[in-house]
Amino acid sequence: MSLGPDEVKKIAHLARLEISENDIPEYDRNLSDILSFVEQLSEAQTDNVEPMAHPVHAVQRLRADEVTETDQREKFQALAPQSENGLFLVPKVIE
Amino acid sequence: MHNKTLSQLSAELQAGNVSSVELTEHFLGRIEKYDGELNSFVTVTKEQALEQARRADEQISAGTAGPLTGIPIAHKDIFCTDGVRTSCGSKMLDNFIAPYNATVVEKFDQAGLVVLGKTNMDEFAMGSSNETSFYGPVKNPWDTSRVPGGSSGGSAAVVSARLAAASTGTDTGGSIRQPAALCGITGLKPTYGRVSRWGMIAFASSLDQAGPMAQSAEDCAHLLGAMAGFDERDSTSIDQSVPDYTANLNDDLSGLKIGLPKEYFGEGLDADVGKAIDEAIATYRKMGAEVVEISLPNTHLAVPTYYVVAPAECSSNLSRFDGVRYGYRCQDPKDLQDLYMRSRGEGFGEEVKRRIMIGTYALSAGYYDAYYLKAQKVRHLISDDFRKAFEQVDVIMGPTAPSTAFGLGEKADDPVTMYLSDIYTIAVNLAGLPGMSVPAGFANGLPVGLQLIGNYFDESRLLNVAHKYQQETDWHLRVPQGFEG
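For the protein sequence lines, the chains are D and W, in the order given.
First residue of the first sequence? That's 1 in the working numbering, and the numbers climb one at a time after it.
First residue of the second sequence? That's 1 in the working numbering, and the numbers climb one at a time after it.
The hints are simulated quantities; they were obtained by calculation from the structure and are not laboratory data.
Note that the structure is a prediction, hence the values are computed from the model and not measured.
Idealized CB from N, CA, C, for every residue including glycine.
Treat each hint with caution, since some may be false.
Claimed, not checked - Calculated lysine-lysine pairs in the DSS-like style (CA-CA distance at most 27 Å, straight line):
hint, chain 1, residue 1, chain 2, residue 2
1, W, Lys275, W, Lys286
2, W, Lys46, W, Lys91
3, W, Lys334, W, Lys377
4, W, Lys334, W, Lys91
5, D, Lys75, D, Lys92
6, W, Lys388, W, Lys377
7, D, Lys9, W, Lys334
8, W, Lys91, D, Lys92
9, W, Lys91, W, Lys411
10, D, Lys10, W, Lys334
11, W, Lys275, W, Lys257
12, D, Lys92, D, Lys9
13, W, Lys388, W, Lys257
14, W, Lys33, W, Lys46
15, D, Lys75, W, Lys411
16, D, Lys92, W, Lys334
17, W, Lys46, W, Lys4
18, D, Lys10, D, Lys92
19, W, Lys411, D, Lys9
20, W, Lys262, W, Lys91
21, W, Lys286, W, Lys377
22, W, Lys4, W, Lys33
23, W, Lys4, W, Lys107
24, W, Lys411, W, Lys275
25, D, Lys10, W, Lys275
26, D, Lys9, W, Lys91
27, D, Lys75, W, Lys46
28, D, Lys75, W, Lys107
29, W, Lys262, W, Lys275
30, W, Lys262, W, Lys286
Unchecked claim - Non-contacting residues of chain W with respect to chain D, defined by C-beta distances greater than 12 Å in every case (computed):
hint, residue
31, Glu22
32, Leu50
33, Ala202
34, Lys275
35, Tyr306
36, Tyr361
37, Glu472
With the rest of the complex left out, here is chain D (with noise of 0.2 Å):
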């Protein structure tokens, strides 16, 4: 299994990771060879088996729609890199 390049590039834009064009190479070759190794996942005989999502099968919990968490919009909005009157920043994305 060899990706290639181009399709390095490919899921790294789909996953939003920046990667040098120096880097590729061994991407190339780290993501081929852990793709070569998850392959014989193929070999097993999986006709009629149902996928398992949750280990103790159980399923998500609804809560009751009440409002339960207080507002600490400064307290969080501290944390981030550049915020502004109690907005993120963000550069421009409309012209």
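Assemble chain W onto chain D, guided by the hints.
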């Protein structure tokens, strides 16, 4: 004082032979003395620890203290601690001061435990050697040229070197048990859903589980009692009452049925590790246990299954790190896309990026069925192997890891070889079962861990089986050379 178990420390505190402040200062002194070499802490919270210790002393003199009040421990740096940096071993969170406490942290605080600091770990718990940490690798106290295991390597090393009385860890594929084995301590991964994941930074949500790391099974029993329980803030928490885990520690083992999976004793297992495990099994035979060979036929598929399921879940969980709301942001982003790509590209280390990319690939259009769905089906087969085994036996035993601690850098360049160091622990997470690692002797001077695997919610039995072994042996009392004094 630092070699005492939790029960012994508790007795000393209650009797007034030592105060919690003195005990805390003693451990802080050891950290100062030894941690430069070990690198097991990311953050030491001296002031907060002494403040907690003063509160504990007041409770002890007022007679309102519990059995764990005043004992100094350490948290893995994956648990959010209000007002204290919570880095998860990553540059991404190097500047992150958690705004709230994880449930485990809150429960320990209520139990009166004193927090000495936050322990080093593989970045986002992704690693088996602690070498992926942004803060550099932890060294194994038994041989500082070797790894402590991972991802809870710092937590294992602090207990091993007696820099804290106990610690917390998390285990997604072996991250409590494997470092416990490599550092010669006792560690327990509870049943999935037994301990709340709230405030524990997520890696693979269907596998992650927190648990105690300590000198002995008895200590783990005390700590698990303080950690476990239903939490409505964790949607996968199981609503089941918490037993007194210390109640059955001394139950007799005669008639206990132990299963040895033949797949755990085959090719790939270091011969000297195998010998230590055989001797441990012989000790159980002497205690009256019955040993039978069993088979877990899909064992060879566990690591490949994990390396689809865990990266898939991690790629989704780690999408929250966007450089906007908290954590690392790149310099001078030219647009929003550039901000996301560079903040993540610069903020995450290599192994984390690899796993995010594997997960992204496995979940992407056209590949979902072949990878993720297929892995979820094989996961069912692996889980069924255990279900069938537990119709026959009470507990499953084998080695925790295929070898003793390996050298720093030895496996760092080859991800797949590194992944195989979790070959005996990973299936337990896929099935959601509880598992333990218990010190079971040495191979070439390095600790060997015996793994015990129990049925769902059978932690009491695991602790009992481990405790009885520790009454017969003294491996868990051994302290690495250079850290005794």
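So, going through the hints one by one against the coordinates:
1. W:Lys275 x W:Lys286: holds, 17 Å
2. W:Lys46 x W:Lys91: holds, 23 Å
3. W:Lys334 x W:Lys377: It is violated: about 44 Å lies between the C-alpha atoms, which goes past 27 Å.
4. W:Lys334 x W:Lys91: Cα-Cα ~21 Å, so holds.
5. D:Lys75 x D:Lys92: Roughly 25 Å between the alpha carbons, so the hint for Lys75 of chain D and Lys92 of chain D holds.
6. W:Lys388 x W:Lys377: At roughly 17 Å apart (the allowed maximum being 27 Å), Lys377 of chain W and Lys388 of chain W satisfy the hint.
7. D:Lys9 x W:Lys334: Roughly 20 Å separates the two Cα atoms, so the pair holds.
8. W:Lys91 x D:Lys92: holds, 26 Å
9. W:Lys91 x W:Lys411: Holds, because 22 Å separates the two Cα atoms, which is no more than 27 Å.
10. D:Lys10 x W:Lys334: holds, 21 Å
11. W:Lys275 x W:Lys257: holds, 21 Å
12. D:Lys92 x D:Lys9: The given pair, whose Cα atoms are some 25 Å apart, holds under the 27 Å limit.
13. W:Lys388 x W:Lys257: holds, 14 Å
14. W:Lys33 x W:Lys46: holds, 14 Å
15. D:Lys75 x W:Lys411: violated, 42 Å
16. D:Lys92 x W:Lys334: holds, 9 Å
17. W:Lys46 x W:Lys4: holds, 21 Å
18. D:Lys10 x D:Lys92: Since the Cα atoms of Lys10 of chain D and Lys92 of chain D sit roughly 25 Å apart, the hinted pair holds (cutoff 27 Å).
19. W:Lys411 x D:Lys9: At roughly 26 Å apart (the allowed maximum being 27 Å), Lys9 of chain D and Lys411 of chain W satisfy the hint.
20. W:Lys262 x W:Lys91: Given pair Lys262 of chain W, Lys91 of chain W is violated - Cα atoms ~42 Å apart, limit 27 Å.
21. W:Lys286 x W:Lys377: The hint is violated at about 40 Å.
22. W:Lys4 x W:Lys33: holds, 19 Å
23. W:Lys4 x W:Lys107: holds, 23 Å
24. W:Lys411 x W:Lys275: holds, 24 Å
25. D:Lys10 x W:Lys275: violated, 48 Å
26. D:Lys9 x W:Lys91: Roughly 23 Å separates the two Cα atoms, so the pair holds.
27. D:Lys75 x W:Lys46: Within the cut-off at roughly 24 Å; holds.
28. D:Lys75 x W:Lys107: holds, 23 Å
29. W:Lys262 x W:Lys275: Given pair Lys262 of chain W, Lys275 of chain W holds - Cα atoms ~15 Å apart, limit 27 Å.
30. W:Lys262 x W:Lys286: Status holds; Cα separation ~21 Å.
31. Glu22: Fine: 35 Å to the nearest Cβ keeps Glu22 of chain W off the interface.
32. Leu50: holds, 25 Å
33. Ala202: Since the minimum Cβ distance to chain D is about 15 Å, Ala202 of chain W lies beyond 12 Å and the statement holds.
34. Lys275: holds, 29 Å
35. Tyr306: Its Cβ does come within 12 Å of chain D, the nearest being 9 Å, so this is violated.
36. Tyr361: For Tyr361 of chain W, whose nearest Cβ neighbour in chain D is about 5 Å away, the distance does not exceed 12 Å, so it is violated.
37. Glu472: holds, 32 Å
Of the numbered hints stated above, those contradicted by the structure are hints 3, 15, 20, 21, 25, 35 and 36, listed in ascending order.
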